[in-house]
Amino acid sequence: MRQPDLDRRAFLRIAGLSLGAGALYRVAPAWAAEGPAADVAARQRLENGEAVTPFTFVQLSDTHVGFAGPPNPTGTAAFERAVERVNRLAARPELVLFTGDLTHESEAPGEHAARMKRFQEIASRLAAPKLHMVPGEHDAGLDGGALFRSAFGETHYSFDHRGVHFVALDNVSRSKPEVGPEQLAWLRADLARFPPTAPIVVFTHRPLFDLKPEWEWFTRDGDAVMEVLAPFENVTVLYGHIHREDLHTGPHATHYAARSLIFAFPDPAQAADKKPIPFDKDRPFRNLGLRVAEAGNPASGRTVRCEEVELSMREYSGTEGFAQLLRPSSL
Amino acid sequence: MTRNSPILLAVALLLSLLASPRPAAAAEPRVVEITAKRFEFSPSVITLRKGEAVTLRLHSLDVTHGFFQKALGLDLEIEAGKVTEVTLTPQEQGRYVTICDNFCGSGHGNMKMTIVVE
Chain A
41 MRQPDLDRRA FLRIAGLSLG AGALYRVAPA WAAEGPAADV AARQRLENGE
91 AVTPFTFVQL SDTHVGFAGP PNPTGTAAFE RAVERVNRLA ARPELVLFTG
141 DLTHESEAPG EHAARMKRFQ EIASRLAAPK LHMVPGEHDA GLDGGALFRS
191 AFGETHYSFD HRGVHFVALD NVSRSKPEVG PEQLAWLRAD LARFPPTAPI
241 VVFTHRPLFD LKPEWEWFTR DGDAVMEVLA PFENVTVLYG HIHREDLHTG
291 PHATHYAARS LIFAFPDPAQ AADKKPIPFD KDRPFRNLGL RVAEAGNPAS
341 GRTVRCEEVE LSMREYSGTE GFAQLLRPSS L
Chain B
5 MTRNSPILLA VALLLSLLAS PRPAAAAEPR VVEITAKRFE FSPSVITLRK
55 GEAVTLRLHS LDVTHGFFQK ALGLDLEIEA GKVTEVTLTP QEQGRYVTIC
105 DNFCGSGHGN MKMTIVVE
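Going down the list, the protein sequences come from chains A and B. Everything in the first sequence is counted per the numbering used here, starting at 41 for the first residue and increasing by one. Everything in the second sequence is counted per the numbering used here, starting at 5 for the first residue and increasing by one.
Don't read these hints as lab results, they were simulated from the structure. C-beta atoms are modelled at their ideal positions from N, C-alpha and C, and glycine is treated no differently. Each hint can be trusted.
Dumping the calculated EDC-like pairs for lysine to aspartate or glutamate here, alpha-carbon to alpha-carbon at most 20 Å:
id, chain 1, residue 1, chain 2, residue 2
1, B, K74, A, D313
2, B, K41, A, D183
3, B, K41, A, E147
4, A, K216, B, E83
5, A, K216, A, D250
Distance windows between CB atoms, simulated:
id, chain 1, residue 1, chain 2, residue 2, range
6, B, T39, A, R326, 34 to 40 Å
7, A, Q160, B, D66, 29 to 35 Å
8, B, R53, A, Q160, 51 to 57 Å
9, A, R326, B, V36, 40 to 46 Å
10, A, K315, B, R53, 29 to 35 Å
11, A, E147, B, E56, 37 to 43 Å
12, B, T59, A, R326, 45 to 51 Å
13, A, A270, B, T91, 35 to 41 Å
14, B, L65, A, A153, 26 to 32 Å
15, A, P110, B, V120, 26 to 32 Å
16, B, R34, A, Q160, 52 to 58 Å
17, A, R233, B, V120, 49 to 55 Å
Just chain A, with the same shape it has in the complex (with noise of 0.2 Å):
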């Protein structure tokens, strides 16, 4: 019997570990291994088919291959070094999920195609099984998406793993910041199969709620596809486009922007323009990173739980070398 003081939609929730350049997640299950919580675990496992079982994922994001410019001269380093960082965790990763902006766009003939091969280049060293990828704008906006789906595949579509329904959302392939009618009918039908108790992780690089309109932080119809989630539980948001940490929680979801790989947004509740945060050569990767998730560790208490991680290079910091900056959660 389902225990009433149970928070019904803490049975889903990430936890971050931000490695300065993406994001590093752990799904757990909400609920402990004895007492009240186990008849949670008991009812999920019954409803959804199969119970999560623990395994960790990484969240990389914006890392913009291609960009030259005065906010990170030192081109895809943050990219490269964040993989190594991934490579080198201890629980390796199953999953890898980039949301947007893989590439920085290029009118030149052919440049484009070429700044998603070299990112192609550079994510084929990550050690992990699954690697998936959502467009930013400046992968799709151009051309609605086509080169984006010749490289990668589809830019929207779902998987299971373990026990967690992924979609991956596109609201940067229309020329207006927006999922779009078509797309919302196919997430309708996508989720049609799902009891409301099945953990579902969206990733997309937009955020789905009116971040900072006025910074195109947001998506027009984010509104509708929070209402196609609505019904269920166990709903978290994966998300990039913004170049910064932010937690975000909705009426019927949780949401996270991971980092960027390239440069940094300041806050917009302090900044007057949206204008990258100087790049700082003393400590050129501040402020970027990635972020890890556990999931399926009854011991977390959460189904999905981040962290994040600080990067630094020896090479240019002097001090602290290629360091992992854990510090506690706040999400």
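Once you have looked at the hints, place chain B on chain A.
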């Protein structure tokens, strides 16, 4: 009533129209021209008055741009070669950052202008 009454009434009406202000002309909204091109709007700042109806005439010099300001209810597409018009009467003072929300290239993220309402 005499036979001349209709003529007199018509003359009186004509005189009254000539003597009175022309409300239709006075109510014509002020027109503000705005040009869009990758990756800027010109002018970058316009100033309107609270409660005053203003018509924005939008032109694009290159590709299709967006013109989006949620609080003012502006949500337009500016196609090259066409004039896009919208009339608004702002009700709240403030500075409204208005963006292009049609992705138009590498500088798109900072294509914006400010509508000041005094």
